[in-house]
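Visitor: Letter by letter, the chains look like this.
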Amino acid sequence: MTTCPNKPILQGIDISQSFQGQPVISEINVELYPGETVCILGKSGVGKTTLFNILSGLERPETGRVLLAGEDITGQSGKVAYMQQKDLLLPFRTVADNAAVPLRLRGVGKKEARKQVEALLPEFDLAGTAEKYPAQLSGGMRQRAALLRSYLFNDQIMLMDEPFSALDALTKNEMHRWFRRLVVSRGTASFMVTHDIDEGLKLADRIYILTGQPGRICRQIIVDYTGERDESFTISPAFVEWKTQILAALRRENGKN
Amino acid sequence: MKKKTLASIIDKLYPLSFIVLFILLWQILCWLQVVPGFMLPSPGKVVVALFSDIPLLLSHAKVSLQESLYGLAAAVTTAFFLALLMDGCRFLRRSLYPLLVLSQTVPPVAIAPLLVLWLGYGILPKAALIFITCFFPLAIGLLTGLQGVDDDIIRLYRSMGANKRQILFQVKLPAALDSFFAGLRIAVAYAIVGAVIAEWLGGNQGLGVYMTRARNAFSYDKMFAVIIVVSLLSLLLIKAVDILQKRSMPWKRLK
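So the sequence lines, in the order shown, correspond to chains A and B.
Just so we're aligned, residue 4 is where the first sequence starts under this note's numbering, counting upward by one.
Just so we're aligned, residue -1 is where the second sequence starts under this note's numbering, counting upward by one.
The following block holds chain B by itself, in its conformation from the complex (with noise of 0.2 Å):
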């Protein structure tokens, strides 16, 4: 146990100490002044602008995450009854499969002054541009688990008198968890991305609307403590599909 706890922390040594490094190699290039000051602000900038600003970026991630959430959750509620019926019926799966497909090659960032336009400025057309950017790896990866499984289980539970409910929601749905979760897992971190790609065009609230306003104010340090804000945000979200997964999934803690 205690060897597998030393195994665990020298694996995440290996990523934190690149991260380091990184900071390092940044900093030294800010000293050097081999990229001027107003372009590349030095890591302990960014540090001061993070710290300085944190109430009004917490109170901007508040809105930010509030949109995600909400775009996640219709996704996940959409793409739940779409791979449903996808998986249910041959037809639907041929016709709608190439559409979804077709789907993901727009652009979000084409998208959104549309939905804004459509839309208005209020949350609705964050929700909405979420929605659009998480719902294809949801319901793809719902529609993969739910088709995945071993056709001789089916033939087992159908020789055993299972109707087709029972099998949906004994068999398939319990078996489709791995791909919904990992489906999830992409769909949290577009989650954050979509909302500050909509907030970028429309809006007062945000962490878009606060990297644009930081933007044109030429305040760098601050563009980069907002990135530090939206990935910590995506890693907070990852962390908690994970633990969701995990209390879900107990039976793959054995592996």
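The shape of chain A in the complex, shown without the other chains (with noise of 0.2 Å):
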């Protein structure tokens, strides 16, 4: 899946914040190429949330740069969308209102918009479901159509922060793997931030791992695993392996501190 051209989508330069004259994460380096999935792992608290609000532009940091396809877009919003670990659906708009915000926000007809959401309601698992409203949902159905407005907002890139951490075990499993093969098909960049080990391993081909604080990038591992990420997967001797070298990244860097 890793396509990895030559030049990042998405990039965030040396960059540093703080808050309320307290460091939170310092001298970050993180790197987004077209069609992968990368997921920012670390403990709560080390300032994922924070690089993840700079990275979409909500906030602007101390030092640094973010760059979008190489154009300096730091501290700008508008530009990269983040979905949260809420679904932040708006409950008095139908599914299909809901996902069509970044286009109608973008000036896109009504009636457009509308076309262009339910044409991609199917590949969203949520056929069926364009005049519901939030309420009449599934928690995986929230989520789906919370990323479904995000995909619309930018098909490029998504910025997700613990988008499943609500979900329960089950239905969390299932939303990996159709996520998985979503990106796979449009070929959607990913930046994702998760504190479980085993999603990070499901879903990404890379993983940053944030530890320490202020929080800085500690390592990065690679996933290149090609097979496809079920069940099995999680009792390989490779996901063991990289299981095993997070956890000593981490408990490393709890050692230190």
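Be a bit skeptical, because a hint or two may be false.
Listed next, the in silico PhoX-like pairs over lysine-lysine satisfying Cα-Cα at most 20 Å (straight line) [unchecked claim]:
hint, chain 1, residue 1, chain 2, residue 2
1, B, K10, B, K244
2, B, K237, B, K250
3, B, K250, A, K135
4, A, K82, B, K1
5, B, K237, B, K10
6, A, K10, A, K82
7, A, K135, A, K118
8, A, K89, A, K46
9, B, K162, A, K135
Since the hints were derived computationally from the structure, they do not count as laboratory data.
Since each chain sits alone in its own frame, please combine them into the complex, following the hints.
Guide: Given below as structure tokens:
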């Protein structure tokens, strides 16, 4: 799946940020190449969300830059959308209207936006839900609707902050498989925050491990597994080896602190 | 579905049975002459007074309703714009909020004579008093709704490039509808009462005027009849708000 052509689609260069005088993240360098899925793994409070706020332009870093396809977009929102742990669907809009939000904000006409949303509903396993309200959907369906909204905002990049963490184990497992299929078939690059090592290994082509106080990237793991990432993958020697490496990196950093 | 309907009927039966019990008790008290008839007319006499004076009561009710609707319309419009301003500007929010709260500490009965003095005996002082009474719950309801929108939703919209106007009209206002209707329900209940209070102090039409005349004539059966009309009007307005809310918030019917 990893295509990794020469130029990254999204880059965070030497990013540092403080909150009330306390450094939160320091000199972070991350890259996302077209078509790949990258996870940022780390404990709670290590600055993962701060990094994503900066990458999405919601926060301006103290130092460092964010490049989108080579263009400096530091501190500019509206270029990269990101999906959070909560689906954040508006309860007063139907699924189709929720998903069409980025298109409507961009000035796309109502009919055209609707057409684009409806064409994608089956691929997001949301066929027949266009007129339903979020309250009528299951947790998994709501997350898929939120993903569709992110996808319609930018079909090249999706930034996601623990998007599946609120789901139960079975739904989460299904979502992982579905998500992997989606990004492979659509060639969408995705950058995801997680604190679940298994989730990171199941989804990512590369994993950045963020540790310390302030948070720094302490290690990068390349998950170059070519087979299907199903249940058998999670008991394969490769999976165990990567998991051991990640745990060791996290423990080492814990020991230092 | 049938079970649901039955449960809803039973729910309505509880207060209804209590009302019936209350009227029965009242009638018994009157039969036994525990309270003198001129002080507490029997329910039967009240009903007779109500039906015998119904054309007159309806013409007075029409005036009170009209005043209430004018006052409400002014209160809704002003509350809407003020809540928007207070939501958008922290300085205004911090400086006006205490004044809004303070305005509620002044009893309407105390302001009513002043309004009559300043604005005359026409519809204006009545509408003004209703405006003053209804404005607070409407403004606070709407402001609470606007301020209560999940910050993460606003951040998401911002990350998608939405400007302040888009966030206001596409996210905040629809999200604030619930709180707005809660405020409106309180406001309409106050509106008729506000009209009656204003009419007590001046004017020649309206349920308050009818009430004053009935009191002066010691016709307490008519007093009770007009109280029933005032309550029915308030209930009617509250029901109208419920219907309006259901129509404008179809997603709420799912719950």
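Visitor: The structure should be examined with respect to each hint, and the outcome stated for every one.
Guide: Taking the hints in turn, this is what the structure says about them:
The hinted pair formed by K10/B and K244/B meets the criterion: a straight-line CA distance of about 19 Å does not exceed 20 Å. Distance check on the hinted pair: K237/B and K250/B sit about 16 Å apart at the alpha-carbon level, within 20 Å; holds. Note on K250/B and K135/A: the hinted pairing holds, with a Cα-Cα distance of about 12 Å set against a maximum of 20 Å. A distance of roughly 52 Å separates the Cα atoms of K82/A and K1/B; the hinted pair therefore is violated under the 20 Å criterion.
With a CA separation close to 14 Å, the supplied pair K237/B and K10/B stays within the 20 Å bound. Our distance criterion of 20 Å between C-alpha atoms is met by K10/A and K82/A, whose separation comes to about 18 Å. The straight-line distance between the Cα atoms of K135/A and K118/A is roughly 16 Å, inside the 20 Å bound, and the hint therefore holds. Restraint check for K89/A and K46/A: the C-alpha separation of about 19 Å stays at or below 20 Å, so the hint holds.
For the hint pairing K162/B with K135/A, the CA-to-CA distance comes to about 27 Å; that exceeds 20 Å, so the pair is violated.
In this structure, the earlier hints numbered 4, 9 are contradicted, and the remaining ones agree with it.
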